[in-house]
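Chains A and B are the protein sequences, given in the same order. The numbering used here puts the first sequence at residues -17 to 309. The numbering used here puts the second sequence at residues -17 to 309.
Calculated directly from the structure, the hints in this document are not laboratory data. One should not assume that every hint holds.
Since copy identity is lost for identical chains, a pair holds within one copy or between any two.
Stated by the list, open to error - Here are the computed lysine-lysine pairs in the DSS-like style, where the Cα-Cα straight-line distance is at most 27 Å: (1) Lys215 to Lys22; (2) Lys134 to Lys(-5); (3) Lys233 to Lys73; (4) Lys66 to Lys134.
Since the structure is predicted, the reported quantities are computational estimates derived from the model, not experimental observations.
Number of protein chains: 2
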Amino acid sequence: MQSFTTLSALFEKQFNKRHFPEQPVNLYDASSYILSIGGKRVRPVMVLMGNELYNDIDPDAYEVASAIELFHNFSLIHDDIMDKAPIRRGKPTVHAAYGDATALLAGDVMLVVAYDYINRIKATHIQKIITLFNKTAREVCEGQQMDMDFEKKDTVHFDEYLHMITLKTSVLLAASLQMGGILGGAGLGNQQHMYSFGKNLGIAFQVQDDYLDAFGDPEKFGKQPGGDILANKKTFLLIHALDVASETQKKELHRLLKMETTDEQSQLSKVNQVLDIFRDCKVDEWAAELKDKYYRLALKNLDDIAVLSSRKTELEKLAGYLLQRDH
Amino acid sequence: MQSFTTLSALFEKQFNKRHFPEQPVNLYDASSYILSIGGKRVRPVMVLMGNELYNDIDPDAYEVASAIELFHNFSLIHDDIMDKAPIRRGKPTVHAAYGDATALLAGDVMLVVAYDYINRIKATHIQKIITLFNKTAREVCEGQQMDMDFEKKDTVHFDEYLHMITLKTSVLLAASLQMGGILGGAGLGNQQHMYSFGKNLGIAFQVQDDYLDAFGDPEKFGKQPGGDILANKKTFLLIHALDVASETQKKELHRLLKMETTDEQSQLSKVNQVLDIFRDCKVDEWAAELKDKYYRLALKNLDDIAVLSSRKTELEKLAGYLLQRDH
């Protein structure tokens, strides 16, 4: 199996082209724009890696990988509209640059073009791939709806949050790897191991994301920690803190959550006070263990896939890289 | 071939069920809501009729018809968000009832479920159906974008408007009929005649729609005419009027277009003044002829389909019914 870097470059070479017609300019420029601002292409590479567990890469794997990357970007465009997010990957979001209406349509058309790519693969695989693709797409929408529902709820339980985050971010990783496996001829059992590997890896990655947003080293992390805290976002950390905190700490957390911060100093103070409670509740240690739990589950899933170990090393390395295990 | 009424009832019987999971409630209630507020189901019946030109209805035709109806409702939800429309079919639009974000997602998930239905048909037809479905879906998005672009333009030419309206409203009718034909085993030539029939019928219907909004009898039409005029909408009528009007009339039209109307009396006055110019320019006669031109083109396309004439009578009746030719 080839490395993430090699496969990412191979994918980029095929993917870096115009995916849309020229007219109407506004519509298709908006669709092209989000693809041009990059991303690590982790999901499409998962398709290729899933495929390479079994065989040399089937040309169909590139079609499915393109479909997955288009779907991913479709969901980013629409999520950004719903979340009214102004910035993505350091650039204006599509709706900020082109207006809500055009961004909405640009997303729609990307989803359709994703199915165009799937429709090009060998007929023998189409129905299986579409079934998994559709199930995943529905789940991603469900995750986004749950996320929006949670914003209006006072209390969110750990299990609910885990379910939401699994749908919103992990199932697409899981399905990407499984689709590569389907194209490579994997049996059902191995497909399930591949799916579980992707799912558990995704959860571990999200735990890490929540952790770094609170406790990350600003020098390595590239931004000041505390963004989620200032946005009063429900995260693994906050949900667990509210689960284990004493009554006094809970009251204090709720007070802090309601606190409006306008200037830099009050923001810094809010973040530090919340982090103090997190530390007092050992939320940092708990999160590190939770991440490790899902990382180990993922490695177990990888181990269970019945192919030569040598074929699996790059996936193991990718997991380590994404979860900052090797640096 | 069975009548529109019979086929519409047959379709409704199969379609009138829950198409979505139960959870998350907000998301799937919003998707179900728009299906519950009805519609004539013209497009899915076109699939069944296209199929019946050749054979007894294939169960796959119901799957494709369901996909088409879901796609149509997906596009209505998203169009209503973009157009900020408060009312559809006499009820609050989905975004008015459930909020913009949930309406957006509800549309997304409907599009995905549309592909679920297509994915259930026989493998031999899937790729052909998806190819046509995707081309059509892209074109519908392009039509909507062009429509939005036109709102910001001072001058729109007849050909541009015709192209926009063809994409936005006619290609889906055309493709619906063709898909029925594909499932029935129609050859390429006949498929093209079916497609053209649907396209020309759709254009004639749109011309009639524009005409009735201006000149319709309020008693039969169910609402006061002039809605398009008050919204300063570019229509077949306005575009043609600006094409043929004298310099004085043109100036007067532009003055009226810029006129803000707040009370009922000024609205009535604006509508009547615009209609006077339309009549002076014989826009009413021109529109009646234009509609008739596309109606006759459609009948010619129907005539060209190489199946027994007796199989075609119901489609001819449907065209007459939609274009108010028989009452």
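Verification of the supplied hints:
In this assembly of identical chains, the alpha carbons of lysine 215 and lysine 22 lie at most 27 Å apart only when taken from the same copy (25 Å versus 44 Å across copies). Taking identical chains as interchangeable, the C-alpha atoms of lysine 134 and lysine -5 are never at most 27 Å apart, the minima being 43 Å within one chain and 38 Å between chains. When the C-alpha separation of lysine 233 and lysine 73 is checked against a cutoff of 27 Å, the pair qualifies neither within a copy, at 38 Å, nor between copies, at 44 Å. Taking identical chains as interchangeable, the C-alpha atoms of lysine 66 and lysine 134 lie at most 27 Å apart whether they share a chain (16 Å) or sit on different chains (24 Å).
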